[in-house]
Amino acid sequence: MSNLIEAFGALKQFWPVAVALGLMLAPVRKRWWWAVVLGGSLIVTLGGLCLGIVSVYAVRVQALICITAILAVSLTFINGVTGLFSIGHAGFMIVGAYVSGILTALVFKLAPGTPLALAVPVFLLSLVLGGAASAATGLVVGLPTLRLRGDYLAIATIGFAEIIGVVLRFVTFDREVGGAVVQVGGPRGVPGVPAMPGPVPPGFDGNTAGVAAAFVYSLLILALVVWLLRNYIFSTHGRACCAVRDDEAAAEILGVDTVFYKVHTFVVGAFFAGVGGGLLAHWSNFIHPSMGGFVRSIEYLIVVYLGGIGSLSGGILAAALLTIMDVFLKDLLQGRDAWRMAIYGAILVAVILRRPNGLYGGREFRWLLPAGRRRDARS
Amino acid sequence: MPALELKNLRLSFGGLAAVKDVSLALHAGELVGLIGPNGAGKTTLFNLVSGVYKPDAGDIVFRGESLVGMRPHVIALRGVTRTFQNIRLFRSMTVLDNVKTARHHHARSGSLAAMLRTRSSRREDEEIGRDAMELLELVGLSDRADALPSELPYGRQRRLEIARALAGAPEVLLLDEPAAGMNRSEVAGLSALILRLQRERELSILLIEHQMDVVMNICKRIYVLDFGEVIAHGAPEEIQNNPNVIEAYLGKGGRA
Amino acid sequence: MTSTALCSRRDSVPTFRPKEPGRMEEFLNQLINGLQRGSLYALIALGYTLVYGVLHLINFAHGEVFMIGAFVAFFAVLLAGAGFLAALGAAMICCALLALLMERGVYRPLRHRPRLAGLIAAIGLSIFLSSLVQTLSFGFTPRGASEPVRFSGASYNAFPARRLFEQASYRVVPGMDVYLTNVQILNFTVSLVLMAGLWILVRKTTLGMAMRACANNKDALALMGVNVNRVIAFTFVVGGALAGAGGVLSALTYPRIDAMMGLMPGLKAFVAAVLGGIGSVPGAMLGGFLMGIAEVGAASALPSQPVDYTPLADGVSFAVLILVLLVRPRGILGEAEREKV
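Protein chains in written order, with my numbering: chain G, 1 to 379; chain V, 380 to 635; chain B, 636 to 976.
Hint data in this document are derived by calculation from the structure and do not stem from the laboratory.
A few of these clues could be false.
Claimed, not checked - Okay, the calculated bits of chain V under chain G, using three or more residues with CB under 8 Å as the criterion:
id: 1; region: 424 to 435
id: 2; region: 441 to 453
id: 3; region: 469 to 479
id: 4; region: 499 to 505
We treat Cβ as the ideally placed atom computed from N, Cα and C, and that holds for glycine.
Pulled out of the complex, with its shape left as it was, chain G reads as follows (with noise of 0.2 Å):
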């Protein structure tokens, strides 16, 4: 029992969070009022950090909400606008997140003493080129996987991630370590990712002003995948995705080139999720296959319907809301990390049952709705 409250007590530290995502909700139809919404985390954080009112753990704890999120929205724009059952997510993120991490890591050997003219554009091109690699893998689950129906198409992204899942853990890289030739990779992953390169302010340990560049990286690219997204989706080409998603057979009848968009929206939803991973393998300082897994794909899946299949504000929300909970039930549970996934089962279970918009379903922020849509179209 008082683990319990232990754990609610816990949970205060994340109240900028709570802020966030106030700033979020807020009905303010205004487009300006994204910077109001980054501008304040930012700020929030950042500032607290300062001034000592918010953890780093918290901040660290946010980084990941937003590497959450990344992975949310792009699952969620496969799944829900273009409407493709794509349940092996967590395979495009593990390309990212290897070739990402293998390039700081091993190829430009990226270390905190490294200036940061050469750091920042090197972690961000590594995060491009992780996404690009990503976005191939989507183009080769996409192409031969067209014809295939709702349920199919789900087994064979399964199929497929597993296959991922498989080869990585065979293929092993060569790193120096102290002169000599060390193998790392394969089963055991790759320790030693680096962390993201942020500029380390005079009063602060390298630590925390890691953390703080981790939170910093993270909910930029959050804010540029979302923005980007979202452009998409309110074009002709989301709405040509949509039509795919209502009626494929009669999109194509009517001038969309289906084969090009369900393609296509592998492409991009893999690229950012490769991001994403890039971003997780930064954050966690190594990689591993298993973080690629069935059970990884399933907890994206789980964010994903909770939020709301197709809305990127859900994904947002869900991946808040998850991610906060996670870090509570650890603090109860104390490493019982089977409890999680029951009730994460569970969870997904109750939202099909229950509530199959989940939290947010066919609704987006009203800040990201362009100007004159009704809330509930979802197009």
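Chains V and B: place on chain G using the hints.
Frame of chain G; chains V and B shown alone:
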């Protein structure tokens, strides 16, 4: 040269011959009817023209070009669009968006430009919106541009389907039972609309319909299909008195 | 997340290494192993195919039913001192009930919703069940033992195979070192009996006919006055019982059981069902045996020196899946489905 010509089309599903040696011509600016009992193969013909099915034999020629083997969306881009027997509107999109989607091919900007909201992509989007709104006005749906299709009464949904088919700027329009389920006044309105569209946009229209007053009144020529074959063809008066047609609809000994 | 019970490491597949194995003997022994594993896959695949036939739903949680069958037998033997048949019966009954509960509680409310809803719910159910078993951890005293033993769902538990049978093997072909163990014989016998029983049920009984009709056109069947709910429930029951039997047989063969043991075999059996033609009962059997042979074949063909490639055999099933879906999605014996425009 006819706008659309079907030459000796043949299509079988397994052992069942759905379309047997059908030939049909639609001249520019014509409004031609296609009637026949249920299961005669009328919608199958439309599906052949749209590219959903590939004929086992025969050809489909549009403006001198063969459509056989083309993917459906290419056929639509060439200028042949249609409505559906069972209404197939995009249910999660608004009325306006349904029409805008069919105008998709008019946008030249790529998806990257769309993501970045470049000026040209925004301009194109606005243009698409204006064009779509015009079409909605044409069919009398501009007051419901923001509604979801499920919120519209049946008759108006059918009109939306027509607006959507027009959004592709077609030369040939295939209408599959557009008056199904409509009452008398709605049918009259629809007939007027179809005639108006044909005139104003110089469309060639092929119309499947069961409601005889529509077909007989507005179609210049009529093809009658039964069991996948054309059993009669000609002006409405000829068709009405054709014994084969009467037999097909009413059976032997069922003279009107 | 690699498999445990039905994984492809050679040492977990009971093979016999004769002193100087000839190619033929090696082949025959591996064939027997492949068929044995295939029979397990077939039992599970039948459950998938039956449910898919009537509901067009991939019952993701089916692998967990298999797992629970193994655990029910585990406790039946250790706590109640049950013999093989009693343990098998207990497992089959419990799994049948579990499947029924799943249908009633989760799948039936979703019947008229889009397919994706059912699939997602099935995934959630699968995660829930396997995690739930993982959380269990307690001590108990097996019958006839003096000291309590710790049971933990999260880790491997030793299934008391030896309590039921002493390992014995029999030479199959005189003059050649090709063996069948008694467990294998039991495996084949039980599987074949169950499959034959299912065949009779589906082909010769009224209920079986109702099941087939249900798979064909549920609504028409309902309109003809048949209680479709009951038929569907029965389908789940049968599928569950078969999976439960598979779980017991698997536990006998690979006696380390844990909560996640259902995941991989479940996925692979699903692939087997797809391979044979999802919705087709003979297809599931055929697919199951083919998968088993393919997997064992791949495991023995892959080199284990200098790098141990045998875990790649796990990937064989997914490669098969992708291939089938691309080349012939309806499977070997399945029927094509056509969308009406």
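### Message
Between the region 424 to 435 of chain V and chain G, are there enough contacts, at least three residues with CB-CB distance under 8 Å, for the coverage claim to hold?
### Response
holds (count 3)
### Coverage assertion for the region 499 to 505 of chain V with respect to chain G, Cβ distance below 8 Å, three residues required
holds (count 3)
### Within 8 Å of chain G (C-beta), three or more residues of the region 469 to 479 of chain V
With 7 residues in contact (Cβ-Cβ under 8 Å with chain G), the coverage given for the region 469 to 479 of chain V holds.
### Query
Are 3 or more residues of the region 441 to 453 of chain V near chain G, judged by a Cβ distance of less than 8 Å?
Answer holds; 3 residues pass the 8 Å Cβ test.
Consistency with the previously given hints is maintained throughout, with no hint failing.
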